[in-house]
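J.: Below are the chains, spelled out letter by letter.
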Amino acid sequence: MKLLMTTAVSALVVLGSTAAMADIKLGASLSASGPAAFLGDPEAKTIEMMVDQINEAGGINGEKIDLVLYDDGGDPNKARTFATRLVEDDEVVAIIGGSTTGTTMSILSVAEDAEVPFISLAGAIQIIDPVRRWVFKTPHTDRMACEKIFSDMQQKGITKIGMISGTDGFGASMQAQCKDVAPKYAIEILADETYGPQDADMTPQLTKIRNTDGVQAILNPGFGQGPAIVTRNKAQLGIDLPLYESHGVASDGFIKLAGAAAAEGVRLPGTALLVAAILPDSDPQKPVVTAYKAAYEAKYGETVSTFGGYAHDAVDLMTNAMKTGGSDPAAIRDALEATQGYVGTTGIYSFSPEDHLGLDLSAFKMLEIRDGGWTLID
Amino acid sequence: MKLSSKWMQLAALAVLVAVLPLFFPSGYYYRVGALIFVNGLAVTGLVILIGYAGQISLGHAGFAGIGGYACALAPAHLGLPPSLSILLGAVISALLAMLIGKPILRLRGYYLAVATLGFGILVSMVLTNERALTGGPDGMAVQGLALRKILRGWGWKLTSGEFWYILSALAMLVGVWIALNLFQSATGRAMRALHGSEVAARTVGIDVARLKLQAFVISAVYASVAGSLLALQNQFVTPDIAGFMHSIEMVTMAVLGGVGSVLGAVTGSAILTLLPQVLTVFAEYEQLVLGLVMILVMIFLPRGLLPSIAAKLKGRGE
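Protein chains in written order, with numbering that gives the first Met the number 0: chain D, 0 to 377; chain H, 0 to 317.
One should not assume that every hint holds.
Claimed, not checked - Here are some, though not all, of the chain D residues that point toward chain H, as calculated from beta-carbon distances under 10 angstroms:
id, residue
1, 69
2, 70
3, 74
4, 86
5, 101
6, 112
7, 190
8, 193
Honestly, the hints are just simulated from the structure, not real lab data. The beta-carbon is built from N, C-alpha and C at its ideal position, and this holds for glycine as well.
All chains, full assembly: derive it from the sequences and hints.
T.: The structure is reproduced here in structure tokens:
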């Protein structure tokens, strides 16, 4: 066994030392495979594409970026190991990653300990609340999605709703946040149903919501196939209530999965990226989202997703901070925190020592599905 | 006096653990080492259950989950220090193992596998769904161990990686020592007799039901402590710790290394913890290579890596 261990360790040493001598080392740990691959895969592809673009254009202040990317498979334990590896062994100056809240929370303490700036790509509010010195994030929080939906309901005069939520991490987190923030918008939740991420039929839950007196609209926090099934089941049952979905399903895939007829009239908060083509020319985000969408779709032959957009903004924010701050972790962090008015695909970011998300509700656009396509509501 | 095989094994392991850090090029290797030891501890428990007593469990991650969440919940809700929470987790795991072990250990083979599988899935479902208590699938933060601060007070400044390397190594060595002792004890012999033939064991007067339960409870405590150490080390715990994949991973480590031998189990956990780290260079082919290694070991070294190689070296190769 001794022999085996020494061989293994020396193999590691050799592998470690063959990595090219870098100019600026950027680390990433993403869930490119496993159950969260729908997040991590477009994120990893986006980061690789953007780093290539930056290096082809001459790098940052003449220095090339050396990307070290690991696939943590959505396992928080692995994510922590990779984060340790990035910091201790690869000696990166900054980390992007944590596709899920679980992996982010595992990476977070490593980044804090090592004093390396870290931009997370996960949704939960506890990542940046309380504010941690070295931790930033690009996706808006679930709470903001709830607020955007509720303010739209308010405008339509809806006060009593039924909720049907997935029990996966995304659905459960958003369900809790929505219930928490609902009183602020004078929204009353009369029914609160859940479904498992693998469930194939949600008609019992929907029937229960339909039979609850006074429900004026249905809200469905969740992602993956669940919301598509909810949408289809609701149409099959002939429930004539407005349906609100989460930002988690803001993709063309959702319309295909649910069917254009069933999805007609569904509203959800989405980012500018999704509706790049129909954005007015005056929209400041239009050039950014159009350029990213074109580059991504040309390179990989698949449609962009909101999640890839999170990674796009993270890379941009980080490399912009490197341009002003240089390649020292502390300087990058300071430059990052000083970022004002950066226009990304997700929204317009302005960080401050008290706010490491830097987005407000305007980052979300209320969308409605009409004739199998997206329409801007506001 | 000639050293017994037990002390030889233990000494070899201890020396290896102590010498390895001399070759560590960076702090990251302490983390990998600590993970190997924590896995090694859990897998040693499985060796007692699977290797000694011949019973299977596909739900031991459930106990790791209980140990892990004990360290997250007890300090947060009961104000218990993390070190005592490890103990609490172990006690809960032992009691639970006793409770569920009594009925399900009557089952054999596939049926036992399915019953333990169900237990593991139940624990992971409870951890996922009891959002108010456990934070749901997003997991919850775990307070660090105060011991590191105390050591620092004594002028022993350790990085988090070094500290956990040492602590996990000690935990594993104690676990290995107990398991090796058990192997040679009357109970251990009875367990092995049970493994060989349940009917024969009963005929010679072994209380088969009690013995199975003992093995199950001991291995549950091992898994629980390993889960606690993992949660404390990560300072964060998610229901993944109790997940089906984690159970499978543990059994795979035990079987790959050699389920009848404690050192084999440690070897198995070392390989399966190291391989994914080494294989990152293969990127998307990582899973493929991992699977290939396991298939090859199972075909050519069917008794597991260490016992097969040891047998070949002694010239009694099969």
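J.: What hints, given by number in increasing order, does this structure fail?
T.: 7
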